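Given the coordinates of chain C, assemble chain D onto it according to the supplied hints.
Protein chains: 2
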Amino acid sequence: MSSKPSLPKGTRDFGPEEMARRNYILDIIRGVFRKFGFMPLETPAMENLDVLTGKYGDEGDQLLYKILNSGDFLSRTTESDYRDGSRHFASLISEKGLKYDLTVPFARYVVMNQHKISMPFKRYQIQPVWRADRPQRGRYREFQQCDADVVGTDSLLCEAEVIWMIREVFNALGIIDYSIRINHRKILQAIAEAIGAPGKESELCVAIDKLDKIGSEKVIQELTERGFTAESTSRLKPLLNDSSANLDKMEQFIGSGNSGISDVREVFDLIRSSGMDHVDFDPLLARGLSYYTGCIFEVKVNNVSVGSVSGGGRYDDLTGVFGLPGLSGIGFSFGVDRLYDVMEELSLFPESANTFTTALIVAFDQNAWSYGLEFLRELRTAGIHAELYPEVAKAKKQFSYADKKNIPFVLVAGESEMEKDGFSLKNMKSGEQELLSKSAIIEHLISFNGAQ
Amino acid sequence: MSSKPSLPKGTRDFGPEEMARRNYILDIIRGVFRKFGFMPLETPAMENLDVLTGKYGDEGDQLLYKILNSGDFLSRTTESDYRDGSRHFASLISEKGLKYDLTVPFARYVVMNQHKISMPFKRYQIQPVWRADRPQRGRYREFQQCDADVVGTDSLLCEAEVIWMIREVFNALGIIDYSIRINHRKILQAIAEAIGAPGKESELCVAIDKLDKIGSEKVIQELTERGFTAESTSRLKPLLNDSSANLDKMEQFIGSGNSGISDVREVFDLIRSSGMDHVDFDPLLARGLSYYTGCIFEVKVNNVSVGSVSGGGRYDDLTGVFGLPGLSGIGFSFGVDRLYDVMEELSLFPESANTFTTALIVAFDQNAWSYGLEFLRELRTAGIHAELYPEVAKAKKQFSYADKKNIPFVLVAGESEMEKDGFSLKNMKSGEQELLSKSAIIEHLISFNGAQ
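Protein chains in written order, with UniProt numbering: chain C, 1 to 452; chain D, 1 to 452.
These are computed hints drawn from the structure, not numbers from a lab. Since this is a predicted model, take the numbers as computed values, not measurements. Check the hints yourself; a few may be wrong.
As the list claims (entries may be wrong) - Here are some of the chain D residues that sit facing chain C, going by a computed Cβ distance under 8 Å:
1) P16
2) M46
3) N48
4) K186
5) P198
6) K200
7) S202
8) R377
Unchecked claim - Among chain C residues calculated to face chain D with C-beta under 7 Å, some are:
9) D13
10) F14
11) E42
12) P44
13) K66
14) F73
15) R108
16) Y109
17) E222
18) K404
19) G414
20) S437
Note that beta-carbon positions come from the ideal geometry of N, C-alpha and C, so glycine has one too.
If we strip away everything but chain C, and leave its shape as in the complex, we get (with noise of 0.2 Å):
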């Protein structure tokens, strides 16, 4: 049997050079998480249904992987089952599907660990979700996400690291031009309030999340269909179109007392010191996402054609629905498809984090060889990554090994490179080549990976 092999549709390949830039992101993030003192935690791929359904909303289910029970799975169902349809069939079919993502999943932790987890718990986690969605440009079936959460405490500390954290992400990545826009859900609801359509502040945020891409006047026709009143609208008007906004303003606009203006301004407050560059309060800033009570932000990166890297926000009830209600906390997650796009299309990405090998020792014929399996080893025990061409093939053939690899350094030995005990190192990227002695090419190697 021999047949053409296909991947399925919406999933990837992640081969070495995607792989080494993918790391080269994933390292840096992993790496402020840790220092902010995030701990990693991975859940397995397959979940119980009764865990994830009604988690994500009707959509939300449609968009499950299920997986097939094993065995002889139709045992448990009768062909008036089958004529029910695939809903109520899949049901007796199928008790796990593959998760939709990290949230849900460490909320199940927590709740299954609640007596052996010290609050607050700050857990970080980097794994594949699954969505059976439309596949198309920059949406895939399986993806990884990244999140991190602190849960137990509602210290706006938090708030203020998860700041801090960004910056310094973004900072290690090189990227420069992006902006934190922060915004609170009990703003959100006071507008409405303000603009005399209490209790419809999801209404308001769905809307008004569209305000970049549809522009101001459809935001509100947006708004009138769904019953908002033309009082309502024409109050809300002057704030669609008010790019300065800032908390004073808001202030008067929703009336004083607002948890949410001063949870913003203690927000503020704390991170002052260390500059309030990059960090902007959005009022209309609203995200999707039903289940954020307090603060909420979201990271862009200017001037390139990928949308929204980051976000994030807090809430008040992240287990109810596990039965441990009340847990407060906060959660953010980057976007690694978006941001491997950005450092792309910025040309951020380093040289080295394509290099997986340091230095290739080629031999033309098998005494070359051997003495070259000894370097080899030497190489290796001074912790340079290096390999030898596995046979005494032609030149071009090993050459030309070092050069896809994108390996900097090819050694080579002939029978004056062996009388004086050395090799010639020919640098592949200028073409220069030196007869040097082991322990200068060893110290030279050694260099050049400390100054990668």
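Here is chain D on its own, set in the frame of chain C:
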């Protein structure tokens, strides 16, 4: 809705402590793979079922996790399909499955990317796989595999490098008492011929694979049941009871000119200058997997309750099933779960593997908290993993947080500390406490991290 959540049978969460210990092992393995020129690859969790099916034997096919097609999956079925039973029906409602190992997806990747890969291609892959096996102690339905393969060369340097890599990994892990046993499929073939049972090496392998567990008498009994003649088993018997096997004796037994013997000799010649420690020729090592055609090897840690922790071998046709025949290669893998258990049993995990945060700042009033917040940023700027307890809470609560999170140092500031622009540094292990200046604390914590 509130329900008590649970995990699917045979799956596990990895909390911070397990993650830290697993990462300790994986970082060492990854570091050695990279030093030897192996490059990372990741493939999707989901594969098309036609890629997976038929690659692992009938039993393996039964253990594949199948994913239910999305949407109205029954629309492509009829009642007659339903009556045909689970096996037929599954093929109509499921097109994708979860990967069962890393070898088949690797073969698929090589075939799909054959024109951009430069041979020899060295890749490592550390990812979970899924098997609908009966869960039992040490056997999971979702578990990590950790593979390294070289394809595109039949150089025996690869075999030598596998031995070096294993020794380097075990050395770094601190495992001292272990043995790497080596054999060759052509030697097993020749044994079958020498005892008058040519072509029956698979049955022979299956039986002698159990030698360690059931003893030589039972192996012979099993072979007899499988149709081996009394003459064959009596010729085999001395081999089964010979614990001092070596290449020369084996050559006498099967006759000269066997390429298995010469391959193993060459591998030994390649590694001899680095010492023969931990390496043994074992003519009865069989290993189950049928696609091996050359050298095979297996690693056991001595005097622990865990079995084989690593193994692999050479194959000469990895990708033929996907239409690219004749590609020789060698692969091996580490059993991460088992290595974890060995490390636990031998108490080899260093204390530092479970340290996330080096210092926690605690504060008992708002003034001290603000003072601590300022220093927190200085600590992090110096690269120190540090936290400030997010609230002004009781001493007991804050110290217990440090304790449970295994944080080695706690910083406290009262009136006198703040006057001297310092903190009291408490060593949580020794209980010692000392008032130090901020710069002395930074120096102390950096040197502690370096010493870990």
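Comparing the hints with the structure gives:
1. Because the beta carbon of P16(D) sits about 4 Å from the nearest beta carbon in chain C, less than 8 Å, this interface hint is met.
2. Satisfaction of the interface hint for M46(D) is found here, the shortest Cβ-Cβ separation to chain C being roughly 5 Å, below the 8 Å cut-off.
3. Nearest Cβ of chain C to the Cβ of N48(D): about 6 Å, under the 8 Å cut. The hint holds.
4. Interface restraint check: K186(D) against chain C, minimum CB-CB distance 20 Å, threshold 8 Å, status violated.
5. Contact between P198(D) and chain C, as hinted, is not supported at the beta carbon level, the nearest pair being about 27 Å apart and thus beyond 8 Å.
6. Taking 8 Å as the C-beta contact cut-off toward chain C, the hint placing K200(D) at the interface is violated, the least distance being around 25 Å.
7. Hint status for S202(D) relative to chain C: violated, with the closest Cβ pair at about 20 Å, above 8 Å.
8. At its closest, the beta carbon of R377(D) sits 6 Å from a beta carbon of chain C; the interface hint therefore holds under the 8 Å criterion.
9. Hint status for D13(C): holds, given a least beta-carbon distance of 5 Å to chain D, under 7 Å.
10. About 4 Å separates the beta-carbon of F14(C) from the nearest beta-carbon of chain D, less than 7 Å, and the hint is met.
11. The beta carbon of E42(C) comes within 4 Å of a beta carbon in chain D, closer than 7 Å, and the hint placing it at the interface holds.
12. Annotation: interface hint on P44(C) holds; nearest CB of chain D at approximately 4 Å, less than 7 Å.
13. About 4 Å separates the beta-carbon of K66(C) from the nearest beta-carbon of chain D, less than 7 Å, and the hint is met.
14. With its C-beta approaching chain D no nearer than about 5 Å, F73(C) sits inside the 7 Å limit, and its interface hint holds.
15. A distance limit of 7 Å between C-beta atoms decides the matter here; for R108(C) the minimum to chain D is near 4 Å, and the interface restraint holds.
16. A least Cβ separation of about 5 Å between Y109(C) and chain D falls short of the 7 Å threshold, and the interface hint therefore holds.
17. A least Cβ separation of about 29 Å between E222(C) and chain D goes past the 7 Å threshold, and the interface hint is therefore violated.
18. For K404(C), the suggested interface contact is upheld, since its CB lies about 4 Å from the closest CB of chain D, less than 7 Å.
19. Annotation: interface hint on G414(C) violated; nearest CB of chain D at approximately 21 Å, more than 7 Å.
20. Because the smallest distance between the Cβ of S437(C) and any Cβ of chain D comes to about 20 Å, over 7 Å, the interface hint for this residue is violated.
Checked against the numbered hints given earlier, this structure breaks hints 4, 5, 6, 7, 17, 19, 20; the rest are met.
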